[in-house]
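Below are the chains, spelled out letter by letter.
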Amino acid sequence: MNIGVVTFPGSNCDADARHASALTGNTVHSLWHKDTALPSGLDVIILPGGFSYGDYLRTGAIARFSPIMTEVVRFANAGGLVFGICNGFQILCEAGLLPGALIRNQNLSFVCKDVFLRVENTDTPFTNVCSPGQVLRVPVAHGEGRYTASADVIKGLEDSAQVLYRYVTPAGQATDEANPNGSLNNIAGVTNASRNVMGLMPHPERACELLLGSDDGLTVFLSLARHCNVGMA
Amino acid sequence: MKTFTANITVTLRRAILDVQGKAVENALHSLHMPGICDVRIGKHIELSIQAVDAEAASAQLREACDKLLTNPVMEDYHFTLNETAAVEAA
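Chains G and H are the protein sequences, given in the same order.
By our numbering, the letter at position 139 of the first sequence is numbered 139, and the numbering carries on one by one without gaps.
Here our numbering = 1-based position in the second sequence + 233.
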């Protein structure tokens with residue numbers, strides 16, 4: 001599988017995303033925010049975490065107009081798989097590839113810790129190796145991760161199973177205590193209607209080796225690989 | 234061409250809990266100012282804009298707000314526009 005990882009000015013998880021991609025046996029392509037063309041044969045584009053453009057104006061608001069984003073939008077609209085992690089999720093929302101927005105954490109604090117995520121829908125390119133309701137341990141590190149959208153958008157996401165991950169207790173309960181940022185309905189990750197674009201606030205690329213405390217983040221990379229191999233068969 | 238100064242105020246939409254506003258409100262109450270409520274924290278943006286008239290300037294400004302300066306999913310905005318007095322050459 002060919003994975004492209006975009007670096008924006010201020011990205012700081014691009015190396016981690018490349019590492020996790022290589023760890024799972026993929027060919028990794030480094031993409032630069034000023035690129036105006038994508039390498040041919042790309043299967044997945046990752047928008048990594050960080051503070052693109054210093055989070056000026058709003059998180060993701062300026063990165064969304066980077067030259068490469070025209071190609072990312074075109075790639076997504078053609079069915080290509082796009083995965084935004086943390087700041088990447090914020091950029092995808094600003095770009096209109098995902099619904100909703102990510103705003104200041106409810107407690108106004110930057111939160112950096114391991115959280116537990118419940119997989120809500122396993123019938124997607126990003127979650128297909130998981131079992132329904134599986135609980136993953138993955139770190140978060142963000143100040144603006146409170147997922148919000150209008151009531152009808154949230155209802156639409158829930159009704160069409162576009163909420164892929166929810167913050168839960170280790171036992172899998174979606175409680176207020178398990179919610180690190182005040183996201184509506186404990187939402188940690190969503191996909192678009194056609195299920196080829198996903199945004200996730202936690203960092204699975206930082207949880208791909210047991211040495212680092214958890215390798216549950218591998219599930220995303222293995223799901224993508226499985227999806228692409230089945231797709232090519 | 235005329236030059237206008239725009240003052241844009243951006244706030245979170247009413248439906249979204251403004252946690253900064255809430256924290257500041259609590260601080261004001263603890264300073265014995267219980268009469269102050271509905272605190273909303275937003276952003277103030279100033280810019281100059283060149284256009285043939287106020288209507289054209291407003292149109293440009295709305296486009297700037299809708300495309301970049303604000304995110305309609307979470308924010309509302311309003312602005313005032315004033316023509317800048319031409320400076321006489323000395």
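A couple of the hints might just be wrong.
[What the hints assert, rightly or not] Here are the simulated SDA-like cross-link-like pairs (lysine to any residue), alpha carbons at most 25 Å apart as the crow flies:
no., chain 1, residue 1, chain 2, residue 2
1, H, LYS255, H, THR236
2, H, LYS300, G, SER150
3, G, LYS113, H, LYS276
4, H, LYS255, G, ASN107
5, G, LYS113, G, GLY80
[What the hints assert, rightly or not] To give an idea of the chain G side of the interface with chain H (calculated C-beta under 7 Å), a few residues:
no., residue
6, HIS19
7, LEU23
8, GLY54
9, ARG58
10, GLN106
11, VAL135
12, ARG137
Note that these hints are calculated values from the structure, not bench results.
Glycine included, each C-beta is placed from N, C-alpha and C at the ideal position.
Quiz item: Can you list which hints this structure breaks, lowest number first?
Solution: 1, 3, 5, 6, 7, 8, 11, 12
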